[in-house]
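Please put together the full structure from these sequences, using the hints given.
Residue numbers (full-length UniProt numbering), protein chains in the order written: chain S, 1 to 454; chain B, 1 to 454.
Rather than coming from a laboratory, the hints here were simulated on the basis of the structure.
Intra- or inter-copy, both count: the list cannot distinguish identical chains.
Result set (DSSO-like, lysine-lysine): computed pairs, CA atoms no more than 27 Å apart in a straight line:
#	residue 1	residue 2
1	Lys-353	Lys-312
2	Lys-234	Lys-318
3	Lys-366	Lys-312
4	Lys-312	Lys-338
5	Lys-312	Lys-156
6	Lys-312	Lys-234
7	Lys-409	Lys-366
Letter by letter, the chains look like this.
Number of protein chains: 2
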Amino acid sequence: MNPTFVLSEAEQTSANNELFELLRIPSVSADPSHVGDMQRAAEYLQAKLATLGFTARVEATDGHPVVYAERLSDPGKPTVLIYGHYDVQPEAPIEEWLTPPFEPTVRNGRIYARGSTDDKGQAYAHIRGVELLLASGELPLNVKFLLEGEEEVGSKNLEPYLQQYAEQLKCDVIVISDGSRFAPDVPTVTYGLRGLSYVEVLVQGANRDLHSGSYGGVAPNPINALAEIISKLKDEQGRITIPGFYDGIDEITQEERDLWASLPHSDAEFAVSIDAAGLPGEAGYTTLERIWARPTLDVNGIWGGYQGEGSKTVIAAKAGAKISMRLVPGQDTENITKLIQDYVPKIAPAGVKVEVRALHGGQPVKIDLDNPYVRAAGKALQQVYGKAPAFTRGGGSIPIVAAFREILKAPVVLVDFGLNEDAPHSPNESFAVKDYHNGILTSAYLLQELAQVE
Amino acid sequence: MNPTFVLSEAEQTSANNELFELLRIPSVSADPSHVGDMQRAAEYLQAKLATLGFTARVEATDGHPVVYAERLSDPGKPTVLIYGHYDVQPEAPIEEWLTPPFEPTVRNGRIYARGSTDDKGQAYAHIRGVELLLASGELPLNVKFLLEGEEEVGSKNLEPYLQQYAEQLKCDVIVISDGSRFAPDVPTVTYGLRGLSYVEVLVQGANRDLHSGSYGGVAPNPINALAEIISKLKDEQGRITIPGFYDGIDEITQEERDLWASLPHSDAEFAVSIDAAGLPGEAGYTTLERIWARPTLDVNGIWGGYQGEGSKTVIAAKAGAKISMRLVPGQDTENITKLIQDYVPKIAPAGVKVEVRALHGGQPVKIDLDNPYVRAAGKALQQVYGKAPAFTRGGGSIPIVAAFREILKAPVVLVDFGLNEDAPHSPNESFAVKDYHNGILTSAYLLQELAQVE
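Printed below as a string of structure tokens:
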């Protein structure tokens with residue numbers, strides 16, 4: 001019989017106070033003047049984990065340090081790696097904060113502070129979850145913590161770190177709590193993320209800007225050409241026309257369709273929430289299916305010619321656009337980038353030269369819905385919330401997840417405690433006290449469930 | 001028997017010296033610090049015209065003054081109005097001038113100075129042309145000069161002036177020399193100009209920028225939508241698809257086709273001159289026909305989303321484009337603007353809101369090729385150059401020409417003495433001495449020929 005966890009009032013107060021201490025350290029990774037605070041925050045976490053019996057170290061990188069800690073109870077048991085980050089976004093614009101960003105304040109049941117939800121609060125919930133679990137005896141599995149200090153500035157030193165310490169970081173499953181669950185009353189397990197291929201298309205017409213009176217009707221117009229190229233990248237059904245684009249992609253299963261259809265979602269409310277006149281997209285798929293499990297193509301930026309007030313009768317020499325494609329499992333970012341690089345010159349109209357530059361990419365990831373660790377996360381949430389959780393995928397990409405998959409070769413399970421309304425990255429970021437405490441309970445139950453995976 | 005005109009060496013020297021005096025006055029209309037120079041330039045012209053027996057006045061406007069002068073020999077004779085402007089473009093970038101912009105310098109047979117070709121040199125050629133004609137007796141027709149000081153800043157006070165003095169300015173034909181002839185060895189009469197309809201298309205998707213991970217596949221993308229709209233404005237043959245766009249336009253006559261086909265022009269050289277990979281455009285028309293006598297649609301500017309370095313995964317809330325259409329006789333600028341305003345919302349994809357704002361317009365103009373004043377101009381050029389001139393149209397718009405047509409209701413004949421290689425508006429603007437002197441001769445012959453029109 002598994003133990004049942006509760007947080008006593010004393011434990012709640014202690015958990016709050018410890019998190020508040022961490023939140024008071026302005027560990028803004030983007031700001032060089034906070035380099036000392038980065039070190040302080042890392043040491044605070046290292047010290048706490050040491051008190052829990054972890055071998056804990058603050059490890060230097062070429063940027064801000066990584067906190068690594070492990071408590072290995074039994075090599076025969078599963079090993080979980082919990083990832084989080086102790087760095088936070090800059091606080092600007094400071095004048096929009098109702099209370100100081102680095103003085104945590106509780107109002108209406110919410111902790112207001114920079115980093116409260118992203119990610120100090122969610123990461124610390126796991127530390128207190130381990131503490132709660134330890135109160136009933138030795139940990140039933142091997143636990144490793146990896147807490148970085150550069151997530152908000154692109155995690156550029158983490159991949160080398162993973163590569164260097166791959167052996168030490170070896171694990172059966174990776175758990176991350178650094179985002180938002182589906183809805184306030186919907187506990188959520190996220191088991192997949194889309195990937196990305198991001199390119200820049202540059203179109204050149206004449207060698208200089210031309211007068212549209214003297215040359216209009218004859219000179220190639222790179223803006224018109226670019227518009228034509230973009231319009232040819234999708235058909236009338238919203239399907240992407242790049243040959244081979246959909247080859248080999250994982251179709252959405254009936255189980256997924258059913259699960260997602262049962263979630264509380266209204267297209268009308270969704271459209272109202274962004275004040276859009278409609279939700280156009282690929283025919284044959286629901287909104288959630290399109291966001292989580294279908295590839296997309298969006299122009300993210302476009303420029304060319306005269307952008308000022310009034311009119312200028314110019315035919316520009318150049319135009320450009322940033323185009324990104326969200327990818328789904330079965331697609332490969334490098335292959336997709338190559339496909340669009342091959343295709344755009346073929347659909348470019350006569351008279352212009354085009355170039356497609358690869359800018360950025362990321363692999364899509366997905367764990368099987370019936371992966372035992374995914375199921376274990378579901379069981380843990382059921383015990384905390386008394387209801388079945390949602391199993392969702394994410395429409396975005398978390399580059400570090402793909403790195404974990406690639407280097408550590410373990411499944412990544414995302415169990416988010418936050419909500420979009422927490423306003424991460426914005427002024428007055430907050431984290432509900434209840435969500436923090438449920439996060440602690442979830443972590444304890446989750447570790448207990450993961451321990452029982454064969 | 002008409003007299004034959006020659007410029008003696010003394011006359012050449014005197015004509016040069018007088019023009020140089022005018023070029024030394026830095027009458028930059030855009031720069032308020034030159035307001036005194038504007039007055040000086042106007043008074044210089046007024047004084048000269050007075051010595052030629054003209055009733056000449058410097059007339060105040062809400063901007064820079066207008067020089068008006070008339071010498072009315074006989075109410076039974078035709079009346080010509082010669083338009084020109086004494087204001088010049090700013091000299092910047094000053095460091096690129098080989099000799100000072102307001103100290104005319106002759107090198108290799110060219111007068112280098114700001115305003116040398118645009119338009120002091122060409123306008124002064126008419127003044128010296130009148131002087132040459134007067135040397136053989138009373139003028140054979142009534143001559144009026146209208147020399148403005150705001151052409152380079154949009155002529156915004158000229159239309160009210162025309163309206164106020166329409167009766168005084170009454171004439172049978174208007175002559176303008178303020179541009180470039182077809183080619184160095186091709187004397188040119190220009191008898192038509194394209195018009196313009198210039199609009200701004202604004203597309204709105206959601207009410208704010210969205211993350212392409214969380215919303216990609218569902219949120220309306222205004223940039224993609226704008227590209228689709230633009231691509232639908234022309235068909236595969238380069239024809240504009242706006243319903244009614246081509247209704248009622250004057251087709252190019254066989255005479256025009258033949259005349260233009262005989263001009264020295266090479267598509268290959270033209271493409272090389274702008275380093276373009278091709279000269280795309282409406283099927284079924286030659287390059288010159290497309291520039292001079294076919295309507296066009298060009299995007300002059302486009303913007304939306306992220307335009308900086310690297311990648312940003314944003315779905316923009318808004319995008320916009322400036323779109324202009326060059327119009328030909330038979331089209332009406334206001335009607336065409338209305339047609340595109342009606343059409344764009346119909347071709348906009350679902351989920352976005354569009355707005356088409358009218359920015360600017362101008363009517364196309366054309367005089368019949370067999371108009372006697374056009375023929376008279378041709379005869380004058382034949383006498384100066386010993387060869388038949390080209391009869392061309394212009395691809396651009398000269399707003400003041402449409403205003404002349406509308407208010408004074410007289411045909412406008414463009415007899416340009418300059419060349420593109422004179423580099424008007426650029427550093428080291430120049431005017432060939434030979435072209436200046438031929439301009440003087442042309443003016444004398446032209447007035448003589450115009451006088452004989454019944």
